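*Asks:* One line per chain: the protein sequences are A and B, in this order.
Everything in the first sequence is counted per this note's numbering, starting at 1 for the first residue and increasing by one.
Everything in the second sequence is counted per this note's numbering, starting at 110 for the first residue and increasing by one.
FYI, nobody ran anything at the bench for these hints, they're computed from the structure.
Model, not experiment: these values are computed from the prediction.
A hint or two may mislead.
Below, in silico cross-link-like pairs of lysine-lysine (DSS-like), each with a Cα-Cα straight-line distance of 27 angstroms or less [said to hold, decoys possible]: (1) Lys148/B <-> Lys112/B; (2) Lys219/B <-> Lys112/B; (3) Lys153/B <-> Lys122/B; (4) Lys136/B <-> Lys148/B; (5) Lys108/A <-> Lys122/B; (6) Lys54/A <-> Lys219/B.
Spelled out from the first residue to the last, the chains are:
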Amino acid sequence: GQQVQQSPASLVLQEGENAELQCNFSSTATQLQWFYQSPGGSLVSLLSNPSGTKHTGRLTSTTVTKERRSSLHISSSQTTDSGTYLCAIDRGSNNRIFFGDGTQLVVKP
Amino acid sequence: NSKVIQTPRYLVKGQGQKAKMRCIPEKGHPVVFWYQQNKNNEFKFLINFQNQEVLQQIDMTEKRFSAECPSNSPCSLEIQSSEAGDSALYLCASSRQVSNERLFFGHGTKLSVL
């Protein structure tokens with residue numbers, strides 16, 4: 001089964017609205033990262049948050065490890081936030097991280 | 110801006126041709142991963158290295174790809190005989206250690222096999 005599940009699959013917002021993205025994972029994660037993938041394909045690490053709450057700019061991530069879930073909150077969304085947001089976990093094995101299918105975010109002006 | 114440098118950005122090959130892509134990891138990162146992202150957004154782990162040594166690779170990589178990470182040279186991933194199903198975005202990532210560390214990705218090489 002899929003290790004990482006993200007919801008919603010897609011999200012359309014008006015500029016200025018807030019976005020809440022969810023990530024659930026089926027096995028213990030020793031590391032969790034949120035990535036942003038631009039329409040051109042570039043993958044950027046946004047936040048590394050295996051537990052607790054972290055902030056950077058307009059982004060806030062909260063991970064509840066024992067419940068195997070993480071959220072990414074984007075406040076005051078901008079059109080440039082449009083793209084795919086990916087959640088990925090590392091189980092501590094030495095060969096891979098597991099990605100969710102992503103949330104496609106579209107922010108309209 | 111990504112400090113992991115991948116080249117070329119785009120690669121177009123015919124079936125049966127070799128397809129080679131390169132990656133310069135971030136300075137000080139001894140661990141390099143290659144992932145394939147297909148058009149369904151599915152990520153497939155291909156291979157990883159620590160310094161010049163292969164740590165793990167999947168069957169497909171072992172059979173059809175040639176990969177290396179020589180010292181003082183870019184890492185490379187080469188498909189020996191491209192197939193249509195190889196069309197995908199190939200992402201290189203580097204890290205300070207094998208697990209429990211942040212991965213930093215390059216922009217990727219988009220391969221189209223005609």
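*Asks:* None of the hints should be skipped; say for each whether it holds.
*Replies:* Hints, one by one, checked against the model:
Taking the CA atoms of Lys148/B and Lys112/B, the gap is about 25 angstroms. The hint holds against a cut of 27 angstroms. A threshold of 27 angstroms between alpha carbons decides the hint, and for Lys219/B with Lys112/B the separation of about 18 angstroms falls inside it, so the pair holds. At roughly 21 angstroms between alpha-carbon atoms, Lys153/B and Lys122/B fall within 27 angstroms of each other, so this suggested pair holds. For the given pair, Lys136/B sits about 30 angstroms from Lys148/B by alpha-carbon distance, which is inconsistent with the 27 angstroms threshold.
Note on Lys108/A and Lys122/B: the hinted pairing is violated, with a Cα-Cα distance of about 37 angstroms set against a maximum of 27 angstroms. Between Lys54/A and Lys219/B, the direct Cα distance comes to roughly 33 angstroms. Violation of the 27 angstroms bound is thereby established for this hinted pair.
In this structure, the earlier hints numbered 4, 5 and 6 are contradicted, and the remaining ones agree with it.
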